[in-house]
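Peer 1: Chains as they are written, first to last, in numbering that gives the first Met the number 0: chain Y, 0 to 338; chain U, 0 to 390.
Hints in this document: simulated from the structure, not taken from any laboratory.
Note that beta-carbon positions come from the ideal geometry of N, C-alpha and C, so glycine has one too.
Treat the hints with caution; some may be incorrect.
One-sided and incomplete, this derived list gives chain U residues near chain Y with beta-carbon spacing under 10 Å [what the hints assert, rightly or not]:
hint, residue
1, Ala-283
2, Asp-285
3, Glu-306
4, Thr-337
5, Gly-338
Each computed EDC-like pair below joins lysine to aspartate or glutamate, with the alpha-carbon atoms no more than 20 Å apart [claimed, not checked]:
hint, chain 1, residue 1, chain 2, residue 2
6, Y, Lys-106, U, Asp-111
7, Y, Lys-163, U, Asp-111
8, Y, Lys-177, U, Glu-370
9, Y, Lys-106, U, Asp-89
10, Y, Lys-163, U, Glu-370
These are the residues of each chain, in order.
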Amino acid sequence: MGEKNQAALSIREEFAAKVKADNRREKLMKWAPVGVLAALILVFCILKGSSFLSLSNLSAILNQWSLPLLVALGLTFVIMIGSIDLSIDGTVGMVGSLTAIFVANSKNTANLGIIGLLLAVLCSVVIGFLVGVIHVKFKIPSFMVSFAFMNICIGIGMLSYSGKPATIRDPLMMAIPKASFLGIPVITWIALAVLALCFYIQEYTPFGRHVYAVGTDETIPKAVGINVNRIKIKVFTLAGFCYGVAGIVGALRLGQGQIAIGTDQMFPAQAAVVIGGTALTGGKGGVMNTVVGTLIMTVLINGLTMMGVNPNIKTGIQGVIILIAVIFTIKHGATVISK
Amino acid sequence: MKKRRLMAVMLAGTMVVGLLTACTDSSKVSSTSTESTSDSSKTEGTDTGAEIADFKIDASQIPQEKLDTTLYVACSIRGLENPYIATIADGMDMFCEYLDSIGQKYEKQVLDSGGSNDVEIDNMKQFAAKAGGNAIAYADPNESAIAPSLAEAMAESGGYLGTAWNKPDDVGPQDYDPNWVIHTSADNVANGKATAKALFDSMGGKGKIFVIEGMLGNTASNSRVEGLEEALAEYPDIEVAHQDTGNWATNEALTLVETWLNDTPDVGGVWCANDNMATGALQALDAKGLKGKVGVTGIDANPDIVEGVKDGSVIATVSSNGYLQGGYTLAVCYAVWTGLITTEELPENYRTFLTPAIMITKDTVDDYVTEYVDSIPEYDFSDIWYCKADK
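Whole structure, please, built from the sequences with the hints as guidance.
Peer 2: This is the structure:
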């Protein structure tokens with residue numbers, strides 16, 4: 000009898016210890032991305048000294064961080080519901096191209112100013128909405144629908160300037176990429192505003208909580224009467240909005256509208272979201288994780304560029320460092336699939 | 000187990016840091032190459048027949064059955080998002096107007112590879128198969144290595160292909176007789192060198208520069224950089240502060256210059272392997288108030304860069320003249336398809352040759368704008384060798 004009690008006690012103790020260890024690990028994992036970021040900054044400071052930490056480079060990093068942050072914010076919600084969005088390269092490029100031909104430019108006589116920007120974002124919001132609707136109504140995997148829309152958007156973008164990109168001539172739009180407020184570039188303020196909006200949505204609205212619920216297990220919110228399909232459509236629409244603002248930021252920074260603004264944005268954004276600690280399976284993570292994830296990617300590229308690493312092996316090194324970051328930051332053993 | 004994993008990760012980390020330090024050093028050394036494998040040396044040769052140089056398409060000599068056959072005309076390009084590439088398609092349109100004028104039946108098509116080797120080869124295969132031998136095409140191979148595959152795709156169904164810019168050194172049109180008719184290129188080495196020298200002169204022959212290369216492994220980029228290196232050898236007081244690839248893209252060049260300016264604020268000039276990247280460099284300079292103070296050069300003569308030459312923010316660019324490349328490549332292929340000339344009678348320097356380029360600097364920009372921007376140049380496509388630089 001005593002022995003039995005003894006065994007039960009040890010099992011209980013073991014279990015308690017395991018929970019404790021798990022909790023500790025969870026806490027550690029939560030801070031791992033920040034650790035990776037700090038380590039990167041430290042390495043570049045040692046190797047490159049004051050020029051890496053100079054005010055002007057910090058401002059350059061903020062500038063370079065804005066577009067990836069915006070893209071990754073949109074993608075974060077999509078990944079949190081366990082879906083995937085391949086339309087990014089197309090939507091961002093399309094909005095970038097449209098922005099330049101809606102405001103005063105070298106190609107046509109349009110001069111819509113701020114309204115032009117809103118119109119351009121509206122296009123990507125509509126695209127996001129369509130991706131969501133087709134995904135849930137026709138029950139087509141999100142990666143397939145969004146892949147199709149990537150191509151559609153590239154098509155629209157290319158058609159909009161047919162080989163001869165429009166240069167932005169609107170004095171206000173030309174001034175934005177050069178301007179800063181409180182030492183932070185205006186471009187970055189735009190990204191931060193969207194970040195604040197996304198953070199608010201995630202933390203303080205029912206929709207934000209539903210996103211987590213849908214990502215964890217769709218059947219639970221369904222059982223309590225939440226319209227899961229509507230949540231999904233909203234997520235893709237919100238993502239479309241973020242990509243749209245990213246496209247505008249890209250066009251303003253280049254001073255020109257080109258499809259290339261969106262080219263190769265998707266995978267780095269995906270990597271940034273995952274490195275930040277948002278699980279590809281959905282239900283875990285959030286916009287603050289993405290802030291850290293995108294900062295890691297931006298600092299990495301900025302540092303390598305400043306070091307003057309031989310371009311032939313730079314991409315490879317980038318890959319190795321991303322791999323190391325992933326080893327440190329994501330939870331191992333979890334099933335990694337996307338719905 | 001955990002310890003071992005941690006050790007492995009730390010080891011990998013140390014390796015990366017080691018690599019980083021090593022690469023920094025090596026990248027700075029790779030500047031001077033004395034090898035002068037300029038494209039021109041390969042294409043120089045004795046002009047064997049004056050008749051060939053004087054050859055013109057005489058429409059009255061073309062058999063009526065050929066004129067009545069639908070000829071499929073195409074240009075295979077990386078995508079229309081680049082202003083230079085768009086002029087190639089314009090060149091095809093201009094050539095098609097010529098076909099109209101002589102009463103040739105045709106159908107034209109733009110084959111867009113979207114920057115993918117496989118897509119470009121597949122496009123060419125489908126196009127050639129559809130045409131059943133009645134095809135002529137201009138192709139800008141996405142990478143050197145795929146030029147023979149494109150020729151093979153054409154050879155399978157008997158059409159005629161002319162390529163531009165990229166091909167492997169050891170394979171050429173004569174290896175795919177008669178289907179791979181010509182391979183042309185602007186003199187990239189000379190163009191890279193000319194823009195570099197203009198930049199260095201504007202800096203008074205001394206100072207620091209940034210170098211932005213095109214896509215790694217791309218013949219055009221490599222040759223332009225080779226030209227830059229030749230110029231660097233002549234200007235010992237010019238120092239390359241940073242060199243990296245911008246992958247031909249505006250946004251990548253913007254990021255590079257934006258970052259480099261922080262540790263090299265005293266840069267004197269930026270050399271770019273094309274104009275798209277020069278646009279990005281200008282944006283980065285503009286944000287720091289350095290536009291107009293730090294000279295930029297590019298290649299391609301994009302409209303905004305030509306404007307930059309006018310206002311003084313750009314030192315030089317070069318027009319490779321896409322109208323001429325696209326239009327005349329098709330004209331030569333057309334002459335072969337009609338049977339007016341055969342590939343056997345063409346000497347090697349009529350199979351692989353350089354096309355003329357136009358250097359645009361402050362002194363020449365006004366003439367260039369009048370002739371090529373404000374109006375579209377007119378060409379006589381019957382004079383097929385007009386596109387040879389050494390004609």
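Peer 1: I'd like to know which numbered hints this structure contradicts. Please list them from smallest to largest.
Peer 2: 4, 5, 6 and 8
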